[in-house]
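Enquirer: Assembly of the complex is requested from the two constituent chains, each provided in isolation within its own frame, with the hints serving as guidance.
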Amino acid sequence: MTNVPDDLFYTETHEWARREGDKVRVGITDHAQSELTDVVYVELPKMDRQTNAKEAIAVVESVKAASDIYAPVKGTVVEVNKALEADPGLINREPYGQGWIFVLKIDNTDDLKQLKDGAAYRTQIAQ
Amino acid sequence: VTETAPKKTPLYEEHLRLSAKMVPFAGWLMPVQYTSIVEEHQAVRNNVGIFDISHMGQLIAEGTGVREWLNTMLTNNIDRLDVGHGQYTFLPNERGGIIDDLIAYRVGEQEFLLVVNAARTDEDFAWLQEHLTAGGAVARETRLTNRSADFGGVAIQGPRIAELFHAIFGNDVDLPSRNAIVGLPFNETKVSVARTGYTGEDGIEVFFRASDAVNFWNATLERRKAFGVKPCGLGARDTLRLEMCYPLNGSDLSPKRNPIEAGLEFFVDLAKTNFIGRNVLLKAKVNGTREKLVPFQMKEKVPPPRPHYAVFQNGERIGEVTSGTLSPSLNRGIGMAYVSAKHVKIGAQIDIEIRGQKFPATIEKKPLYKK
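Protein sequences, first through last, are from chains A and B.
Going from the first sequence to the working numbering is simple: count from 1 and add 208.
Going from the second sequence to the working numbering is simple: count from 1 and add 572.
Derived by calculation from the structure, the hints in this document are not laboratory data.
Take these hints with a grain of salt, some might be off.
Here are the simulated DSS-like pairs of lysine-lysine, each with C-alpha atoms no more than 30 Å apart in a straight line [stated by the list, open to error]: (1) A:Lys254 <-> B:Lys930; (2) B:Lys864 <-> B:Lys828; (3) B:Lys871 <-> A:Lys290; (4) B:Lys593 <-> A:Lys324; (5) B:Lys873 <-> B:Lys930; (6) B:Lys942 <-> B:Lys930; (7) A:Lys254 <-> B:Lys871; (8) B:Lys762 <-> B:Lys797; (9) B:Lys873 <-> B:Lys593; (10) B:Lys873 <-> A:Lys262; (11) A:Lys290 <-> B:Lys930; (12) B:Lys871 <-> B:Lys938; (13) B:Lys593 <-> A:Lys262; (14) A:Lys290 <-> B:Lys873.
Computed beta-carbon distance windows for the label pairs [unchecked claim]: (15) B:Lys844 <-> A:Glu293: 48 to 58 Å; (16) A:Asp276 <-> B:Glu611: 18 to 28 Å; (17) B:Glu611 <-> A:Lys282: 36 to 46 Å; (18) B:Ala782 <-> A:Asp215: 47 to 57 Å; (19) B:Gly928 <-> A:Asn316: 25 to 35 Å; (20) B:Pro596 <-> A:Gln332: 12 to 22 Å; (21) A:Thr221 <-> B:Pro757: 49 to 59 Å; (22) B:Glu611 <-> A:Asp215: 29 to 39 Å.
Here are some chain A residues pointing at chain B (derived, C-beta under 7 Å) [to be verified]: (23) Thr245; (24) Asp246; (25) Val248; (26) Tyr249; (27) Glu269; (28) Val271.
All residues carry an ideal CB built from backbone N, CA and C; glycine is no exception.
Chain B with its partners taken away, still in its complex shape (with noise of 0.2 Å):
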């Protein structure tokens, strides 16, 4: 394996600026935390922050075949999104195991924008475009490009979004509807504007090229003495995302697990009859899978679980945390784990074991943290 120097995103000088701690994150160098991952995290709960989002990855498929293409592709169905929606799929292998978790946004009537996690866009695209160099006459009637180094990204979330967004594009323009994305003019570019986000509030998620990406940050930021805005890091969108319950590809979701067993089934359309994993998804659906990922809180003021912590259950392993932290709104430690299915209760009592000692902990309904 050779070692290629991470990437920068179009914002790694601004975040040198404000003296961001940044480390190596799915081959970029990333901002973890600015001044510090609670502060960050509260802010976003409780006002509003713009987290660079630039490292993910954008691919266009287009073409007159494509949707039908895609829906052989992703487990959620297209043909529900109007011009100008956004769906949350999985792009699942032949096993129905999850190469990665997305959202697909229509972005014309025949164009759809993926927007992928970056430790998997090269992935992703060759699975892709191997699919279609392969596939039959609805593929050869679609395009496939990646354009992630063109594009910068910014999640701009927190309760005081409306003001934050009318102060941006202006008092006339709506924020788009849940799920839905906008073109929308910024200076003299243009920008796409998605009602998306990871965090659990309210927010945005902005896609603008390359070359904006400074002006767009800084714009953002300028408005911090009148909505007190703050940049966020990984540390933080970690932290807020596993309150929700939202999961991490790579932690919660694997080539290994299916959506079944991730207890996202509500993403996978099981009655479009043709889909790369329909099979083994339908028998998954119908016979119940072995183990199920659940979350959790921890009982008292106790070490945070963390990644591959064994669980127990009256003496018995009954599995192994995937996530895990220390919530900052709940101040409690908190996690996912998958156990096996006939555990799975909620309200059910567990261990965590950390450290060769079992700490009590209960099996929880999504989200863990609720307003």
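Same shape as in the complex, but just chain A (with noise of 0.2 Å):
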């Protein structure tokens, strides 16, 4: 069974979002990894980078394709995971964990409010 942290935010697109004051920590789901099978390069988005929501800022490939992952929420990138460069496995064994992606300091915080919760993503992936 696919692990959905109640603590979370969720995207349509497989991502979430942990919230850290005014910013966020994003990865994706233990859903997506597990569908994308092993990843095997990431490309993580530059540092300040502005973005919207919605928008593709980082890509993770696995064996068999290329996937772009969306900023879940307005806002500016503060923090990349280098790590995943080394050992972009973590995102297949840590999925909420060491296998995060970027950190975004939030334009709005309300934004919030449009991603899913735990329950909500359960349904979609159950879908």
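Expert: Written as structure tokens, this is what we have:
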């Protein structure tokens, strides 16, 4: 069974977002990593990049295919997970932990209300 | 176009029991992986793995005219086959393009088994049937049947194949020689075992009645403890074949590409005087082709190449990638691309454009991976 923690926000495109004050830490869900299969390369966003919600700002490549990773909310990239460059498999092994991809400083924290909670995301992936 | 539900192989329920990730492929629901593409790939390179290949098509051609007729339809020379042997060959169209690539086994004096790609089975059968109906005297003495629904099959591949083979069929039974096919008793039934494969490892492909599929699959997997046999999906099948530069129909081969530009003229016998597409292929051989299919390897740890990425040399666009992946054995991006023939030189530096950025690669010799 795929893991969907209740303390996170989710997008339709299978990113998770963990609120840390006026920032969110972002990665891809357990369901997404399992669908993608072995992750072999991660293209991280540039530091200080400004992004809109639903804008593609990173790429995760599995053996099979390349997949865009979207910003869950409008904001600025303030941290990227350099560890993924040496060990992209962290995304498969710890999708909600060491496999995080970037941190965004949120423009407007109200935007988080647009995201799904765990229950809504579980419903989405059950379909 | 009407959408039809994908077909299920006789091993479908077994794949679900093993928690395989199932995907639609060539009109079938197939396992893409069970645990991990990389693990399954390594199992085949280092140990032994089993693949469901029941989706592949089986056509039988037989009769007193069959040899002469098949030799007009296929590029390789059927007359070189002794009974019990197979050869890799192409089914060409009038322009020399590749409708399908297949293995033709001579299973009797006047009987051939054609093992064809799942996606092309119906098309191949229709093409052959059409030519049979329109054909002359030898065609009238040939019968063609599509037996695909009657058979299941597995590929068992890896360096420990001999041990596993003897554990399944008995210590006194010999492995068939390379490209040979033999009928062997298995439990109360009979199966066909060919020493062929699509991984670059030693291995066999086994064909059986669809109703025997589950028994054979489980009998092999029961040996798991002794031999570490791993069920493997289409994902590993693709990375394994690409390391060997074996072409994939629909990606590297198509009706618009001929075997000469695909670098596979070894399987075209231009000494045969009469077969479909011969004149075009002869001209391609003599004059050369505008493009050539070449293997390449990325230079460092960069994103893996993918089909349709553009290929450049010194800023000039010279071709397009047809297959690409991260090689689990080399831990580098690898692929094949059609590039303009004047740029084809082993060791030549090229660039692959990935999301707007160019990454360096080198044109290599086949195969990309050697033990």
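Enquirer: Any hints from earlier that this structure breaks? Give me their numbers in increasing order, please.
Expert: none
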